[in-house]
Amino acid sequence: MPAPRSITIVGASLAGLNAAEALRSAGYDGAITMIGAEPDLPYDRPPLSKHYLSGQWDRDRLDLLKPDRKDELNIEWRLGVRATALDLATRSVTLDDGTSVPGDGVVIATGGSARSLAGTASLGGLHTLRTIADARDLRKDLDAVPSRVVVVGAGFIGAEVAATARERGLEVTMVEMAAVPLGHAIGDRFGQVCADMHRDHGVDLRTGVGVEKIEGEERVTSVRLTDGSTVEADVVVVGIGCAPATDWLVDSGLTIDNGVVCDETCLAAPGVVAAGDVARWPNGLFGEMMRVEHWDNAIEQGGVAARRLLAADGEAPAYQPVPWFWSDQYDRKIQMAGRIGPDDEMVVVDGSTEDRRFTAIARRDDQVVGVLAFNRPRLVMKYKQLIAQHTSWADALAAADS
Amino acid sequence: MRVVVDFDLCESNAVCMNIAPEIFEVRDDDFLYILDETPAESMRDRLEEAVRRCPKQAIAVAED
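Residue numbers (numbering that gives the first Met the number 0), protein chains in the order written: chain W, 0 to 401; chain U, 0 to 63.
There are no misleading hints in this set.
Partial selection, computed: residues in chain W whose CB lies under 7 Å from chain U:
| id | residue |
| --- | --- |
| 1 | Ile298 |
| 2 | Arg377 |
| 3 | Met380 |
No lab work stands behind these hints, which were simulated from the structure alone.
Every value quoted in this text rests on a predicted model; they were computed, and no experiment measured them.
All C-beta atoms in this analysis are idealised placements derived from N, C-alpha and C, irrespective of residue type, glycine included.
Please construct the entire structure, taking both the sequences and the accompanying hints into account.
Structure below.
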């Protein structure tokens with residue numbers, strides 16, 4: 000294919016912005032059109048459940064693009080419009096305002112949308128958290144000092160919201176279907192460390208129980224749980240994960256299966272790549288299909304996918320990262336790198352879970368495949384490199400002391 | 000070029016150390032130390048990657 004002269008980036012958040020940055024850094028001087036469903040220029044999402052929600056940071060602290068850089072990138076912005084279709088033959092993106100954007104290349108970076116509870120009507124005080132608009136609404140409700148906040152789902156977003164609400168002095172009940180929070184992600188032993196941490200900070204954590212019904216007329220008044228109990232609440236935050244935003248692609252001819260399925264170079268079709276939360280690709284380092292919803296992956300994959308559009312077939316590198324993310328809760332920084340399965344053997348190689356300051360590594364076959372730490376960032380980065388190098392389990396154990 | 004870190008923002012995620020260990024080090028006390036405040040021009044690409052991938056956007060490059 001000839002070198003592209005016009006590239007459309009669908010999704011104006013972290014992956015999309017880094018795709019644009021990578022194109023310009025690589026010397027691409029053709030047209031870039033960036034389409035964003037939200038009315039905002041790219042902003043940073045991690046603080047939405049932390050510094051922004053707590054009230055410590057204002058909106059302008061979240062901007063990812065400084066004005067001078069915005070000018071340098073020379074992007075045509077189409078914000079507040081949603082892509083509704085993609086034609087693979089012409090690489091034309093149709094928008095919900097009736098217009099369409101033709102291009103030589105397309106970067107799909109539409110991210111995901113927060114899952115909501117099935118069968119729940121829209122009520123005042125009932126929230127999900129994904130966008131700045133969501134966070135603004137939730138922050139306003141927290142500013143009004145509700146008598147109790149119920150968080151549904153004790154995953155990382157739910158746990159961060161619970162921690163922020165507790166730090167604001169609010170009463171919090173967190174409801175989790177699994178017997179142990181995050182058990183599927185980090186195993187029950189370490190999920191229990193998280194559970195204890197929240198209880199020690201005064202969260203009323205209910206595990207092994209689901210939501211029967213969110214009750215209220217115009218506003219939420221209570222949450223009925225599957226064990227028959229009822230929790231009175233004026234704010235409910237549902238944090239039960241995110242679904243890749245692929246609705247607009249169902250008729251495109253792309254393979255959609257828990258995300259846009261790409262090859263190992265992030266290519267989904269000729270001239271079409273995907274990056275960030277929406278992309279699923281075979282990560283050769285781990286020998287598995289991956290879709291990664293982490294901040295750091297959006298940055299790296301955005302760049303990799305964009306450069307793929309500029310590369311000749313057969314010359315693009317395979318994308319083989321060690322996924323990494325962090326979560327800040329109370330005074331703890333939780334970090335995880337690699338892939339940890341619930342059944343992987345895990346060994347604490349440094350610190351102790353009692354102190355909630357430790358590093359644990361995960362084993363699969365005879366290799367280290369993951370690392371989890373509370374307040375031990377240095378070792379996480381060390382193990383991230385060892386995971387990338389296919390380090391043996393014995394060498395990984397020895398590395399903790401060196 | 001000069002490396003500037005806003006230590007009020009830095010939370011020692013250690014991403015920068017992973018990308019440019021010649022410049023950044025998070026030590027056992029969990030604090031970030033700058034090992035080379037005026038790195039060679041050959042380090043620019045990696046320094047800029049560290050700037051981009053800092054979760055707290057706490058790193059900047061000053062040209063002076």
